[in-house]
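Asks: Chains as they are written, first to last, in the UniProt record's numbering: chain A, 1 to 522; chain B, 1 to 522.
Warning: the hint list may mix true and false statements.
It does not matter which identical chain is meant; a pair holds if it fits inside one copy or across any two.
In silico DSS-like cross-links for lysine-lysine, where the CA-CA straight-line distance does not exceed 30 Å [claimed, not checked]:
(1) Lys-76 - Lys-255
(2) Lys-67 - Lys-420
(3) Lys-76 - Lys-365
(4) Lys-465 - Lys-49
(5) Lys-64 - Lys-451
(6) Lys-451 - Lys-67
(7) Lys-451 - Lys-255
The set of hints was computed from the structure by calculation and includes no laboratory data.
There are 2 protein chains.
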Amino acid sequence: MQIFDTTLRDGAQSEGISYSVADKLAVARLLDEFGVGFIEGGWPGAMPKDTEFFRRAREELELKHAKLVAFGSTRKAGVHVEEDPLVRAMLDTLTPVVCFFAKSDIRHVERALRTTPEENLAMVHDTVSFFVANGRRVFLDCEHFFDGFRYDPDYATEVARAAFGAGAERVVLCDTNGGMLPSWISAAIGDLTARLGVSPSLLGIHCQNDTGCAVANTIAAVEAGVEHVQGTANGYGERPGNADIFAVVANIQLKLGRTVLPDGCLEQMVRVSHAIAEIANIAPDTHQAYVGAAAFAHKAGIHASAIKVDPVLYNHVDPIVVGNDMKILVTEMAGRASIELKSRELGLDLAGRPEVAASVTDQVKQREAEGWSYEAADASFELLVRGALGEITSPFTLESYRVIVEHREDGAVVSEGTVKVRVRGERIIATAEGNGPVNALDEALRTALSKHFPQLASLELTDYKVRILEGSHGTGAITRVLLETTDDLTTWVTVGVHENVVEASWHALVDALTYGLSRTKT
Amino acid sequence: MQIFDTTLRDGAQSEGISYSVADKLAVARLLDEFGVGFIEGGWPGAMPKDTEFFRRAREELELKHAKLVAFGSTRKAGVHVEEDPLVRAMLDTLTPVVCFFAKSDIRHVERALRTTPEENLAMVHDTVSFFVANGRRVFLDCEHFFDGFRYDPDYATEVARAAFGAGAERVVLCDTNGGMLPSWISAAIGDLTARLGVSPSLLGIHCQNDTGCAVANTIAAVEAGVEHVQGTANGYGERPGNADIFAVVANIQLKLGRTVLPDGCLEQMVRVSHAIAEIANIAPDTHQAYVGAAAFAHKAGIHASAIKVDPVLYNHVDPIVVGNDMKILVTEMAGRASIELKSRELGLDLAGRPEVAASVTDQVKQREAEGWSYEAADASFELLVRGALGEITSPFTLESYRVIVEHREDGAVVSEGTVKVRVRGERIIATAEGNGPVNALDEALRTALSKHFPQLASLELTDYKVRILEGSHGTGAITRVLLETTDDLTTWVTVGVHENVVEASWHALVDALTYGLSRTKT
Numbered sequence: 001m002q003i004f005d006t007t008l009r010d011g012a013q014s015e016g017i018s019y020s021v022a023d024k025l026a027v028a029r030l031l032d033e034f035g036v037g038f039i040e041g042g043w044p045g046a047m048p049k050d051t052e053f054f055r056r057a058r059e060e061l062e063l064k065h066a067k068l069v070a071f072g073s074t075r076k077a078g079v080h081v082e083e084d085p086l087v088r089a090m091l092d093t094l095t096p097v098v099c100f101f102a103k104s105d106i107r108h109v110e111r112a113l114r115t116t117p118e119e120n121l122a123m124v125h126d127t128v129s130f131f132v133a134n135g136r137r138v139f140l141d142c143e144h145f146f147d148g149f150r151y152d153p154d155y156a157t158e159v160a161r162a163a164f165g166a167g168a169e170r171v172v173l174c175d176t177n178g179g180m181l182p183s184w185i186s187a188a189i190g191d192l193t194a195r196l197g198v199s200p201s202l203l204g205i206h207c208q209n210d211t212g213c214a215v216a217n218t219i220a221a222v223e224a225g226v227e228h229v230q231g232t233a234n235g236y237g238e239r240p241g242n243a244d245i246f247a248v249v250a251n252i253q254l255k256l257g258r259t260v261l262p263d264g265c266l267e268q269m270v271r272v273s274h275a276i277a278e279i280a281n282i283a284p285d286t287h288q289a290y291v292g293a294a295a296f297a298h299k300a301g302i303h304a305s306a307i308k309v310d311p312v313l314y315n316h317v318d319p320i321v322v323g324n325d326m327k328i329l330v331t332e333m334a335g336r337a338s339i340e341l342k343s344r345e346l347g348l349d350l351a352g353r354p355e356v357a358a359s360v361t362d363q364v365k366q367r368e369a370e371g372w373s374y375e376a377a378d379a380s381f382e383l384l385v386r387g388a389l390g391e392i393t394s395p396f397t398l399e400s401y402r403v404i405v406e407h408r409e410d411g412a413v414v415s416e417g418t419v420k421v422r423v424r425g426e427r428i429i430a431t432a433e434g435n436g437p438v439n440a441l442d443e444a445l446r447t448a449l450s451k452h453f454p455q456l457a458s459l460e461l462t463d464y465k466v467r468i469l470e471g472s473h474g475t476g477a478i479t480r481v482l483l484e485t486t487d488d489l490t491t492w493v494t495v496g497v498h499e500n501v502v503e504a505s506w507h508a509l510v511d512a513l514t515y516g517l518s519r520t521k522t
Numbered sequence: 001m002q003i004f005d006t007t008l009r010d011g012a013q014s015e016g017i018s019y020s021v022a023d024k025l026a027v028a029r030l031l032d033e034f035g036v037g038f039i040e041g042g043w044p045g046a047m048p049k050d051t052e053f054f055r056r057a058r059e060e061l062e063l064k065h066a067k068l069v070a071f072g073s074t075r076k077a078g079v080h081v082e083e084d085p086l087v088r089a090m091l092d093t094l095t096p097v098v099c100f101f102a103k104s105d106i107r108h109v110e111r112a113l114r115t116t117p118e119e120n121l122a123m124v125h126d127t128v129s130f131f132v133a134n135g136r137r138v139f140l141d142c143e144h145f146f147d148g149f150r151y152d153p154d155y156a157t158e159v160a161r162a163a164f165g166a167g168a169e170r171v172v173l174c175d176t177n178g179g180m181l182p183s184w185i186s187a188a189i190g191d192l193t194a195r196l197g198v199s200p201s202l203l204g205i206h207c208q209n210d211t212g213c214a215v216a217n218t219i220a221a222v223e224a225g226v227e228h229v230q231g232t233a234n235g236y237g238e239r240p241g242n243a244d245i246f247a248v249v250a251n252i253q254l255k256l257g258r259t260v261l262p263d264g265c266l267e268q269m270v271r272v273s274h275a276i277a278e279i280a281n282i283a284p285d286t287h288q289a290y291v292g293a294a295a296f297a298h299k300a301g302i303h304a305s306a307i308k309v310d311p312v313l314y315n316h317v318d319p320i321v322v323g324n325d326m327k328i329l330v331t332e333m334a335g336r337a338s339i340e341l342k343s344r345e346l347g348l349d350l351a352g353r354p355e356v357a358a359s360v361t362d363q364v365k366q367r368e369a370e371g372w373s374y375e376a377a378d379a380s381f382e383l384l385v386r387g388a389l390g391e392i393t394s395p396f397t398l399e400s401y402r403v404i405v406e407h408r409e410d411g412a413v414v415s416e417g418t419v420k421v422r423v424r425g426e427r428i429i430a431t432a433e434g435n436g437p438v439n440a441l442d443e444a445l446r447t448a449l450s451k452h453f454p455q456l457a458s459l460e461l462t463d464y465k466v467r468i469l470e471g472s473h474g475t476g477a478i479t480r481v482l483l484e485t486t487d488d489l490t491t492w493v494t495v496g497v498h499e500n501v502v503e504a505s506w507h508a509l510v511d512a513l514t515y516g517l518s519r520t521k522t
């Protein structure tokens, strides 16, 4: 089975993605660590960045598992193959494999390419022969294959036949517009192989996700005997994207039971997925199949007690095999069992302390009824449990705070916060400015605490989310704030709830600093 | 075909989603506008919020297309069905339909439920009979059906048989762990119906997305003859989520050619999808099949000219039928064309005013680069266009404002806003309190304007949403505020963006009042 990744070529067509050459090299290294067989790096000649990528790849890129592939198209109509500059650009990359597209839908040949059916077949034949003669392995992408085959199966078959006749190693059937369903893919492959008289193992599959079925369509092709699958990391690609290569590979390996990655590679999946998201500058999808942070997260209280006993009954695969892990969410639906389980995950054993477990459960339920939510705020939850266990005390007591936001006559908007606190018996007043009310309070509080807790300087607030809980009272609604804080080693999330957004933020802020201090052990 | 939505029940299990009762009512109205046949509203008795939802739904919710469904479980083991409080809670909702789950995997019966196979069958029989005797339509969710059927097909079949024997209208096969592939779904359905001797049209399907195949699995079931599909808006749900009901319905209607929604409903899909995302406070997925903003966006330079001539060759369906539109990225013309189109939608003809269209396009582009978004803020967009047309002037000019939030020594949190404005030549200073900084500013501004614009008293802010756009600078991030305002006749949404949440809110607030005044014509 050939695992062919096109993150750097077709995946780079995604709205919102723009890789530098260095990005592309980094992505290629990651894909190689994931163990794919082929990495399509780009379209040399057509995109200057891709030409540069292949040049630098020759010097800098050492791949352990994958072969690099240059992408392109058949020669232009009416041009000799050796004189087509884009064909030459592919050849010049010196990659051992080339993959180029041909039109296989007669309507595209006539209306978009504006050439004859015969010339298009000659273009396929000439270009495949040229690369074979030059010692390259050739994969031919039949663009718009499935639409073309449904419209005119004879012509689409001729294109595939021309490619095989000229020595192509694989003919890749592309659902370019992404409109197929799995049963349609299976039927077309059965029909095509009967017409061609070839084994489906010589075919490849390339699916777009416009019906939400790209992964399933790819798997349907594999079940029909196809032995070459194309996809992109996290399904990045034009419109709704391509088949997600992570889900495709995990399904082939874990569901169809065929080992297609080198040993030890499947466990790299979560790491590689998130690292590529980082490079693409796209927030990882929490709910992505197999690799999402919530892919194995259980919320329903009814399951929690059973999950504790028998996790295999509630996970379709063991999360560890793809480098993920199981997460238990603390929510209003949770009973005591999931609170105990969650605490154990955080290293706090409540099993021997039933009165603490009961009191934490009551507190969580009451607070969640008021709008608090601990499912994304592990640090606030941990503080609550450690507080109930008597392990944590607050590093300071608040006397009062005040924050002022002014839009001045000159148009400047300024925020100023003042806090009055007691720290180890000392009364401290501090004032600071910020670019918003919460930032100003954060600065003022850190200033006030800095003498006693200099380690607070290393903490940084990295994310701030606000959610209004009750939509029917306008600005008088209940506000929930989630704060993400980091100390470079780790990241934690805290929560605050109040009808006043500033007070809600204050709660989350105090938890964030308290948690940070509990980690650094003064 | 029954289209059964469980956004408010199973979809509410999604990590990061927490609906208020008002949210749930709003989502139910939207789903009804989309034309689903059944809306599963929640689990009465188990969740206080859901009990409250059904109570308020009886009084407030008028549904045009959908029937409301209460969810629950079979009676507990060893308890008489009439005495099971959760069964009674379902009955008390008075919904015409109930849908409850039963264990159909023998391992779950024995290890999680800890009862006998026989008692589990009796629980199914008793509970179905009870609701049928009480005049309710019954759908039975067979939890973990596919895993159970693969492990012990005889027992899973018995559970379905018991449900039908007691009068269930549909037995819904659930892929609770989400580990199935389409071909496995088809095979299990074929095998089950042969064993049961019933038509597959009496079965339902409920898929989770853990293999990335939930939509395809659902479609495979429909192709196997199933006539009841469950899904959630945007695929929200636990772990990787449920089958996205939008993709499922679009595939059934546009790919399988079966009309399953009332006339005019499919075109509501994009609007309903985005509105539910707003309520869930989850950024809409740009790349979501059918409904994503980029679902029909073409980037590839090679296609652009051909697409213009022959769009049908490059779109798997016409985007208009699902309420979406085709976007060609990076072409300036597309921007202006869609602004003209949008303006026409609002009754403003820019076709004869190319300089105005160009200036609005430039402003929108620049502001969107800064983080503004007019997609959900029609009123702010209309003000922008009417401003460019010279039709609207601001009702006042701001000199300055100031807002103070204090957490006092006694624990009270108070907010006070002061605005200094000029209205029709008069300088006015007004101060007001509020339960948060934005509410205080809103009150102060209305007080200042009330003498000249008494009609402002009838406006009410009905929703307030905050989204942080840039996650990397903590509380210094850019903040986008959406305000919803109503004058009882209509509702409008305005937007404000600034690094300071108060200033962002101020922009949205000023737009909200300006728009309200432009409607009442002083």
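Asks: Taking 30 Å as the upper bound on the Cα-Cα distance, should Lys-64 and Lys-451 be classified as within, between, both, or neither?
Replies: neither (43 Å within a copy, 64 Å between copies)
Asks: At most 30 Å between C-alpha atoms: does Lys-465 with Lys-49 qualify within a copy, between copies, both, or neither?
Replies: both (21 Å within a copy, 24 Å between copies)
Asks: Measure nothing new, just compare the shortest in-copy and cross-copy C-alpha distances for Lys-451 and Lys-255 to 30 Å and report within, between, both or neither.
Replies: neither (58 Å within a copy, 67 Å between copies)
Asks: I want to check one pair: Lys-451 and Lys-67. Are their C-alpha atoms no more than 30 Å apart within a copy, between two copies, both, or neither?
Replies: neither (48 Å within a copy, 63 Å between copies)
Asks: Please sort Lys-67 with Lys-420 into within, between, both or neither, judging by C-alpha distance up to 30 Å.
Replies: neither (52 Å within a copy, 56 Å between copies)
Asks: Regarding Lys-76 and Lys-365, is the shortest C-alpha distance of 30 Å or less found within a copy, between copies, in both, or in neither?
Replies: between (59 Å within a copy, 23 Å between copies)
Asks: Treating 30 Å as the Cα threshold, decide for Lys-76 and Lys-255: within, between, both or neither.
Replies: Neither way: Lys-76 and Lys-255 sit 42 Å apart in one copy and 34 Å across, limit 30 Å.
Consistency with the previously given hints fails for numbers 1, 2, 5, 6, 7, ordered from lowest to highest.
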